[in-house]
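Engineer: Chain by chain, the residues:
There are 2 protein chains.
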Amino acid sequence: MVDILHRVGVKSSSLDDVYGALTTVEGLSAWWTDATRGDTEVDGVLQFRFRQGGFDMVVRELEPAKHVLWEVVDGPAEWVGTTVSFDLKQEDDYTIILFKHEGWREPVEFMHHCSTKWATFLLSLKSLVETGKGAPAPDDLEIDNWN
Amino acid sequence: MVDILHRVGVKSSSLDDVYGALTTVEGLSAWWTDATRGDTEVDGVLQFRFRQGGFDMVVRELEPAKHVLWEVVDGPAEWVGTTVSFDLKQEDDYTIILFKHEGWREPVEFMHHCSTKWATFLLSLKSLVETGKGAPAPDDLEIDNWN
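Heads up: the protein sequence lines correspond to chains A and B, in order.
My numbering numbers the first residue of the first sequence as 1 and each following residue consecutively.
My numbering numbers the first residue of the second sequence as 1 and each following residue consecutively.
Worth flagging that the hints you see were computed from the coordinates, not collected in a lab.
Wrong hints could be hidden among the right ones.
Which copy is meant is left open, because identical chains are indistinguishable; a pair holds if it fits in one copy or across any two.
[Stated by the list, open to error] Pairs of lysine-lysine residues, derived as DSSO-like cross-links and limited to a Cα-Cα distance of at most 30 Å, are as follows: (1) Lys-89 to Lys-66; (2) Lys-89 to Lys-11; (3) Lys-66 to Lys-133.
These numbers come from a predicted model, not from an experiment.
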């Protein structure tokens, strides 16, 4: 099992601001993909769509201003059964996001791609909370020929 | 052992262009840190310096237009003994870079940070080759309170 890990700090923000961007359809639409819909409560299913397909996630764990965990239940075979989590804490003037996409079975080339792509989406989340403007799909940063 | 993986595609470039940016002091200075010096041949030592410290790497493997592997011999304790590699291939109109920073002993918080930071430096490399301008330290993108 292999994992994708990231750390991003959102300057001059509150834990609640970042938590809101992770737990509302409006927030998620503004940094990951504008084609986001579904139920953001525990056991709810969130649907994220992109030009090339998408992911369905069940919300498994929520701790306000602290922790979010989703389980992938539909999407590319490599993603199904993996989990995506965000842990938040305050440090200096930053809200720190510790991100994990855990449970990949093999370090396939698609995982390399997703690792870089997650970094750009987390920076989109940082930008959203800091400036009010993110870069969600379909206006996301192109990193390679898979987009 | 845990690894950092990334995939970036450099548009309308040649394998030689990207390989050059990985194997010359001038190239490395223009996307990773402007404080780069040393010997870029096999068994040579490269020194990369940043505001907060730096890394010494021995060049272990070079295959022109294809593969570069460094071993970290000095720097933060978590980095010493790890390896950093770049594998190149052409796909569509892109030079694809498969990046690996392998051999981390634990998925510590610093590894989360380095994973995101590597993504931004690889995008700096992409920008350098595509446009002639990268974002090397000290003009690199700040991702969190550790920079």
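Engineer: My question is about Lys-89 and Lys-66: at a cut-off of 30 Å on alpha-carbon distance, are they close within one copy, between copies, both, or neither?
Structural biologist: within (7 Å within a copy, 41 Å between copies)
Engineer: Between Lys-89 and Lys-11, at a C-alpha cutoff of 30 Å, which is it: within one copy, between copies, both, or neither?
Structural biologist: For Lys-89 and Lys-11, only the intra-copy Cα distance (12 Å) is at most 30 Å; the inter-copy one is 38 Å.
Engineer: Cα distance capped at 30 Å. Does Lys-66 pair with Lys-133 within a copy, between copies, both, or neither?
Structural biologist: within (23 Å within a copy, 38 Å between copies)
Hint violations for this structure: none, all hints satisfied.
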